[in-house]
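Participant: Next come the chains, spelled out residue by residue.
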Amino acid sequence: MDDLSAKIEALLFSEGGSLPKKKIAQLLDAQPAQVDEGLLKLRARLENGGLTLVVSDTEAALVVAAPVAPAVQKAFERELGREIGDAGLEVVAIILYRGPSTRTQIDYIRGVNTSSTIRTLTSRGLLERAANPNDAREYLYRPTVELLSHLGIRDAHELPEYAKIASELAAFEESQKKSSEPFENHATTGDTTE
Amino acid sequence: MDDLSAKIEALLFSEGGSLPKKKIAQLLDAQPAQVDEGLLKLRARLENGGLTLVVSDTEAALVVAAPVAPAVQKAFERELGREIGDAGLEVVAIILYRGPSTRTQIDYIRGVNTSSTIRTLTSRGLLERAANPNDAREYLYRPTVELLSHLGIRDAHELPEYAKIASELAAFEESQKKSSEPFENHATTGDTTE
Amino acid sequence: MAGKFNIATDAFQGPLETLLNLIEERRMSISDISLADVADAYLAYVEKLPGLPLGETAQFILVASTLLLIKSRALLPTMDLSEDERDSVLELERRLARLQIIRKASRLLRKEWGRAPLLFPYRAPARAAVFSPAEAAVRTISEAAVRLMNVLPKPEAMMQAVVAPVLALEDVIVRLKERLSNAFKARFSELTKSKDRHEVIVYFLAMLELVRSGSASVTQERLFEDITIENDSLGAPKYGT
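Chains as they are written, first to last, in my numbering: chain D, 1 to 194; chain Z, 1 to 194; chain P, 1 to 241.
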């Protein structure tokens, strides 16, 4: 028996929600790489059972597996209607397919100020803020496991047409880098609220 | 894959506690004998993982497996020994200065999802859940008696700058209600464990 | 699409989205040609813009000026763009193409949204609370409250942008025609005296349209010199005989 994967399973079960991978490592006195490995093993072991693991860049959570989710949903009569507007969905698409992005980058891609949309998405737990290693002044926004599980996927690679769209977007970043104007300089409006 | 054992597993996981076997049969539209058989299979499948099944004559529950229980226990103790941190103090501040609040209200004021912070504060005995007279689906969180006596105050009004901060908070929520963001609409759904 | 404008909801339509809608409505692909084609419709839309925060209005005007550039080049094929101007045209095309991909992706996500979610547990297993206040104290909590107050988003200042009304090309054409039917002849510099750069471009485009439709002719003695516009549609000029 792989000890760490069982401990992670028990910890996530007891928590009853998502936990940052960093925190799992701290609490179980393990290295981040060991936690990643343990999560992979756990997902493999859960295969074909009633539970599965959703993993984002930063978090992990134990959730009900897709094939049995409808039965559970029916049993608990869970209300799941989570409305999302077109603007919100575009921001979500940017962050899922392009990768972690700053508000400035999202604003520039959409051509409008997105601060209130982002705030709504973060307060609903669909996005999370993270420190930006390249620029301490601006946050990066990342997908949460809650966002992934709401889309019914276990990680971002299971997104529809992920490889195609992600590589098309990456090609733009490449051409942008080559062109004279650095991407970050296109800050749109002066709103500083994050 | 044995469908019923997976469904039972998912159901017990979602419940987070024990369920009468009768209720399981009823929720999953199965015969009692089938449920007993499903439970046996589930226990066999869980062998060597982080969770196990406890079954009495009438009830069943998913619990942390004995071999990993000490590690989980230690992890939680370690968590309790840690600092509360800025996020935790902010949530406590909202509940003291604003009054009993739902998770959605706290999330909206902070602009980030607070469910795991609230879980930690609850397990630290600083906050407790209470029924919400306005909305049965969402709990209210309020300070525990232990917290108030630890702070040496009888109620929140004795906190520094109480009137000023409470009115600023009220003004913020008022302005959000009026403006664009339909505050109420983001109230969800109970997708997240309370 | 016009009029479906509401900053109050998050359905707020920005300049790129507006432009992309115009192109997609015409079933065109993103290119100089389609952008020149939708320039008038875009300007008409910008004209009807309601009060928006200054920053948003600036974005609309910025895109409008690039469109005018593209439009002028379409009307004057020999016109040379500076490197900066070429870059701004390329950059606009690139942004539109990328937004198109994002919109495609978000349509895919819309189909998946909440269709078959993976469910979080309804309740977490009960855990006995162990009172552990750590650093929680009146001071730390009130400090946290003050910190929180400082980062609360301020209601967005709905500063009304003071932007000169964007002139519609059609209006300027009518104005130019009137002017020429009275005076037969005008100097471009006089026509655009006290007009800002944006309006000058619109006047220039209007002039080109009149020439193209055969209602006016223009002469310019030397490069960068003033342009003289003459009315051609009223038959032979009566003056000077």
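Keep in mind that the hints were calculated from the coordinates and are not lab data. Be careful, since some hints might not be right.
[Claimed, not checked] Simulated DEER-style distance windows between Cβ atoms: (1) Asp80/P <-> Asp86/Z: 54 to 60 Å; (2) Gln26/Z <-> Val151/P: 45 to 51 Å; (3) Glu47/P <-> Ala136/D: 29 to 35 Å; (4) Val130/P <-> Asp57/Z: 30 to 36 Å.
Built from N, CA and C at the ideal position, the CB exists for glycine as well.
Participant: Each hint should be assessed against the structure and marked as holding or not.
Facilitator: Against the structure, the hints come out as follows:
no., hint, verdict
1, Asp80/P <-> Asp86/Z: 54 to 60 Å, "holds (57 Å)"
2, Gln26/Z <-> Val151/P: 45 to 51 Å, "holds (49 Å)"
3, Glu47/P <-> Ala136/D: 29 to 35 Å, "violated (42 Å)"
4, Val130/P <-> Asp57/Z: 30 to 36 Å, "holds (32 Å)"
Checked against the numbered hints given earlier, the structure breaks only hint 3 and satisfies all the rest.
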